[in-house]
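A.B. asks: Line by line, the protein sequences are chains A and B. Mapped onto the numbering used here, the consecutive letters of the first sequence carry residue numbers 1 to 316. Mapped onto the numbering used here, the consecutive letters of the second sequence carry residue numbers 317 to 787.
For the record, the hints were derived by calculation from the structure and aren't laboratory data. Model, not experiment: these values are computed from the prediction. Ideal Cβ positions, reconstructed from N, Cα and C, are used throughout, including at glycine. There may be inaccurate statements among the hints.
[As the list claims (entries may be wrong)] Going by beta-carbon spacing under 10 Å, a handful of chain B positions derived as facing chain A:
hint, residue
1, E529
2, A533
3, D568
4, C569
5, T570
6, K751
[Claimed, not checked] Below are the DMTMM-like pairs computed for lysine to aspartate or glutamate, each with C-alpha atoms no more than 20 Å apart in a straight line:
hint, chain 1, residue 1, chain 2, residue 2
7, B, K419, B, E430
8, A, K305, A, E294
9, A, K184, A, D112
10, B, K553, A, D112
11, B, K580, A, E312
12, B, K419, B, E442
13, B, K435, B, D451
14, B, K553, A, E109
15, B, K400, B, E442
Take a look at the letters that make up each chain.
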Amino acid sequence: MLSRTADNLYWLSRYVERADCLARILDVSQRLAYTPVTYGGSTNEWGSAVLTAGCADMFTERYGPLDDAKEEDVVSFLAFAPENPASIRNCFEVARTNARSVRTALTSEMWDVINSAWIELRNFPNRSLTRDELSRFLAFVKETSLRFDGATFRTMLRNDGYWFARSGAQLERSDNTARILDVKYHVLLPEKEHVGGPLDYFQWASILRSVSALTAFHWVYRDSVKPWLVADLLILNRQMPRSLAACYDSLARNLDDIASAYGRQGPSQRLARSMLARLSNRSIEDIFQAGLHEFISEFISDNNKLGAAITEQYLT
Amino acid sequence: MRQAFDEMSSIDGQVRPAYETLQHWLSSVPQDVLAHRRQEAEYIFRRIGITFAVYGEQNAQERLIPFDIVPRIITKDEWSRLSKGLEQRVKALNHYIRDVYTKREVLRAGVVPEDLVYKNPAFRPEMNGQRVPHDLYVHIAGIDIVRTDPDTFYVLEDNARTPSGVSYMLENREIMLRLFPELFSMHKVAPVENYADDLLATLRSLSPNGGHEPNVAILTPGIYNSAYYEHSFLADKLGVDLVEGRDLFVKDCTVYMRTTEGPKRVDVIYRRLDDDFLDPLAFRPDSVLGVPGLMSAYRAGNVTLTNAVGTGVADDKAVYSYMPEIIRFYLGEEPLLPNVPTWRCREADHLKYVLEHLPDLVVKEVHGSGGYGMLVGPAADKMQIEKFREKLIADPDNFIAQPTLALSTCPTLVEKGIAPRHVDLRPFILSGSDKVRIVPGGLTRVAMKEGSLVVNSSQGGGTKDTWVLDA
Numbered sequence: 001m002l003s004r005t006a007d008n009l010y011w012l013s014r015y016v017e018r019a020d021c022l023a024r025i026l027d028v029s030q031r032l033a034y035t036p037v038t039y040g041g042s043t044n045e046w047g048s049a050v051l052t053a054g055c056a057d058m059f060t061e062r063y064g065p066l067d068d069a070k071e072e073d074v075v076s077f078l079a080f081a082p083e084n085p086a087s088i089r090n091c092f093e094v095a096r097t098n099a100r101s102v103r104t105a106l107t108s109e110m111w112d113v114i115n116s117a118w119i120e121l122r123n124f125p126n127r128s129l130t131r132d133e134l135s136r137f138l139a140f141v142k143e144t145s146l147r148f149d150g151a152t153f154r155t156m157l158r159n160d161g162y163w164f165a166r167s168g169a170q171l172e173r174s175d176n177t178a179r180i181l182d183v184k185y186h187v188l189l190p191e192k193e194h195v196g197g198p199l200d201y202f203q204w205a206s207i208l209r210s211v212s213a214l215t216a217f218h219w220v221y222r223d224s225v226k227p228w229l230v231a232d233l234l235i236l237n238r239q240m241p242r243s244l245a246a247c248y249d250s251l252a253r254n255l256d257d258i259a260s261a262y263g264r265q266g267p268s269q270r271l272a273r274s275m276l277a278r279l280s281n282r283s284i285e286d287i288f289q290a291g292l293h294e295f296i297s298e299f300i301s302d303n304n305k306l307g308a309a310i311t312e313q314y315l316t
Numbered sequence: 317m318r319q320a321f322d323e324m325s326s327i328d329g330q331v332r333p334a335y336e337t338l339q340h341w342l343s344s345v346p347q348d349v350l351a352h353r354r355q356e357a358e359y360i361f362r363r364i365g366i367t368f369a370v371y372g373e374q375n376a377q378e379r380l381i382p383f384d385i386v387p388r389i390i391t392k393d394e395w396s397r398l399s400k401g402l403e404q405r406v407k408a409l410n411h412y413i414r415d416v417y418t419k420r421e422v423l424r425a426g427v428v429p430e431d432l433v434y435k436n437p438a439f440r441p442e443m444n445g446q447r448v449p450h451d452l453y454v455h456i457a458g459i460d461i462v463r464t465d466p467d468t469f470y471v472l473e474d475n476a477r478t479p480s481g482v483s484y485m486l487e488n489r490e491i492m493l494r495l496f497p498e499l500f501s502m503h504k505v506a507p508v509e510n511y512a513d514d515l516l517a518t519l520r521s522l523s524p525n526g527g528h529e530p531n532v533a534i535l536t537p538g539i540y541n542s543a544y545y546e547h548s549f550l551a552d553k554l555g556v557d558l559v560e561g562r563d564l565f566v567k568d569c570t571v572y573m574r575t576t577e578g579p580k581r582v583d584v585i586y587r588r589l590d591d592d593f594l595d596p597l598a599f600r601p602d603s604v605l606g607v608p609g610l611m612s613a614y615r616a617g618n619v620t621l622t623n624a625v626g627t628g629v630a631d632d633k634a635v636y637s638y639m640p641e642i643i644r645f646y647l648g649e650e651p652l653l654p655n656v657p658t659w660r661c662r663e664a665d666h667l668k669y670v671l672e673h674l675p676d677l678v679v680k681e682v683h684g685s686g687g688y689g690m691l692v693g694p695a696a697d698k699m700q701i702e703k704f705r706e707k708l709i710a711d712p713d714n715f716i717a718q719p720t721l722a723l724s725t726c727p728t729l730v731e732k733g734i735a736p737r738h739v740d741l742r743p744f745i746l747s748g749s750d751k752v753r754i755v756p757g758g759l760t761r762v763a764m765k766e767g768s769l770v771v772n773s774s775q776g777g778g779t780k781d782t783w784v785l786d787a
């Protein structure tokens, strides 16, 4: 297929995934911000949302230090700001532009999701939203990504186009999970542990919530929320669809499908496989031992390298 | 202006036979049901994203073309006359263009003045002496037809560059089938959906390289082009790649596209990009939409461009006025479809007549399109006419004039119910190396404003489904 078409499919999926992740971050921040401080609510939850979204520099330039970040500013910046290239609004705009350029590579169902979301987006005002409006907006964003994934899964031919689209989504998803861990890793560290303390419980639960895994946690571990288990679930557990291991499982498989369809392996296949191996043959204790923060930083950087390798190998 | 001929109710109000069933049906369906279905159609169009852009309008980047749910009907006999005339016309256009770029017999015989070729901005000296695959230039033509009475169809305009609108012809039919299946059970309507197959067969037949399965691609200027929807629609229906200039490159006079599996050779390019932008090395150097070196591959005969480069030399309004002579010259036949009588302002006696009769005439720019830059005399006030007079005197070569035709009308659903509105028709004629293909029908454009004769979508015109009855 045309490299540009593959590139558009790949980024289209990335942007939809990113919008979904931003919506979750805002959701959780809102929840934590309204939780009393004695129950783990924190005063700078909005600042950490900006940090997780990965646009701290641009935000502080405009609104000042993250510690003083105000809800109103953060919501408008992450959700709507036209000047923030990674705002939810812009994610949808770019996704639709990409979708228009590859209309022929999308099924009509996929196009319909993107196009109607784009039309619907105009019904949300640009001014700051009431709590109620914000909840509805976030639900709409999550709904859109669910519908898009569903349409992709149900209607798209299983060929290179599908694999590129899925690779984009998985790469973005693992990046998002890793960034959530990166910002919050300190609450997962053993030395900060006060088992049973309400403060940490809410922090841990909020991490799980930000990847929709609170219920899943109990099903998987049948235990109360413990920091090392949270880390295990998000990093190594393949049952958890947003864990780094599950994302790489699927990334490696999609890239292998591409390679076998084209009859040629390349750097991106090798990179994905070595990352998957790193996530496979170790326990969460090993990772803690070697340093959780170091592990996550390295992962984020390697994940970016894989993105670059895919672009180099196929998309240009 | 005399009263227009209505395609349903004629002039005397007598419903014409082909429309009887439709008329009966229309009068039995409540107005609000019709209005509701029209809304539904609009909703579907918006969802599918069938939009177009109007250049120079802020915030109107994507607009819908109004769709009218009342179909326009053409009988089998009428169509058979039309299609013969269309085929003849396109054959003559192909002969003319080949001649202009090779032997120029038409100029030597004095049939067409040399100026119209050499001073024509669409004339491409790069094409002089250049053979094109299968000697065909206009592979996809859109010929605009208007009607004034039961027996008279005129050719209003030839479009030999990159005529658009065919996606509306196809989508309009899909929508009608969806919204009014009952109507199709009452009429035998000739299908149009095979257009995509016909187009693909035509494009494949034009490949310069026998032997292997030709790789066909559609070249678009990109998503900001007003007809982008149509480009992607056609690529989808044909199952071929929709490429932009940056997806292609030329090496050793051969065109390749960049794919995820490396370079892939391209044999036929259905380009929806004007000549000027095709190749920055040959034409406009500032074009970022084109493909550097494309002309060298074309000249070497390694790729077919449809339509050929330089076809614009045959479809401006000055050349139009010579089309009857051109048909006689190459085919030795009388034109089956007449031209609208046309005064060429470049000729002194014609200019004199035009200046004396401005309030009665339609005056158009020779190279104008989209309904811009024209004067509709009867609809203009004194000021407008005088202003236009100055323009005309300053550059008479640039204008032609025609009588204000009473374009036929067709019943159309408007605010106040069903009312007559003026229509035209653009059939699409495909010329392959094997044969000429025309799907029955075409795009009917309708002027939605009462009394208006301007059907162009850029000026508020709408479209209708066009039915050629099979019995």
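A.B. asks: Decide, hint by hint, whether the structure agrees.
C.D. replies: Evaluation of the provided hints:
{"no.": "1", "hint": "E529", "verdict": "17 Å, violated"}
{"no.": "2", "hint": "A533", "verdict": "9 Å, holds"}
{"no.": "3", "hint": "D568", "verdict": "21 Å, violated"}
{"no.": "4", "hint": "C569", "verdict": "22 Å, violated"}
{"no.": "5", "hint": "T570", "verdict": "17 Å, violated"}
{"no.": "6", "hint": "K751", "verdict": "28 Å, violated"}
{"no.": "7", "hint": "K419/B to E430/B", "verdict": "13 Å, holds"}
{"no.": "8", "hint": "K305/A to E294/A", "verdict": "17 Å, holds"}
{"no.": "9", "hint": "K184/A to D112/A", "verdict": "37 Å, violated"}
{"no.": "10", "hint": "K553/B to D112/A", "verdict": "18 Å, holds"}
{"no.": "11", "hint": "K580/B to E312/A", "verdict": "18 Å, holds"}
{"no.": "12", "hint": "K419/B to E442/B", "verdict": "15 Å, holds"}
{"no.": "13", "hint": "K435/B to D451/B", "verdict": "24 Å, violated"}
{"no.": "14", "hint": "K553/B to E109/A", "verdict": "16 Å, holds"}
{"no.": "15", "hint": "K400/B to E442/B", "verdict": "33 Å, violated"}
This entry does not satisfy hints 1, 3, 4, 5, 6, 9, 13 and 15, going by the numbered hints stated previously.
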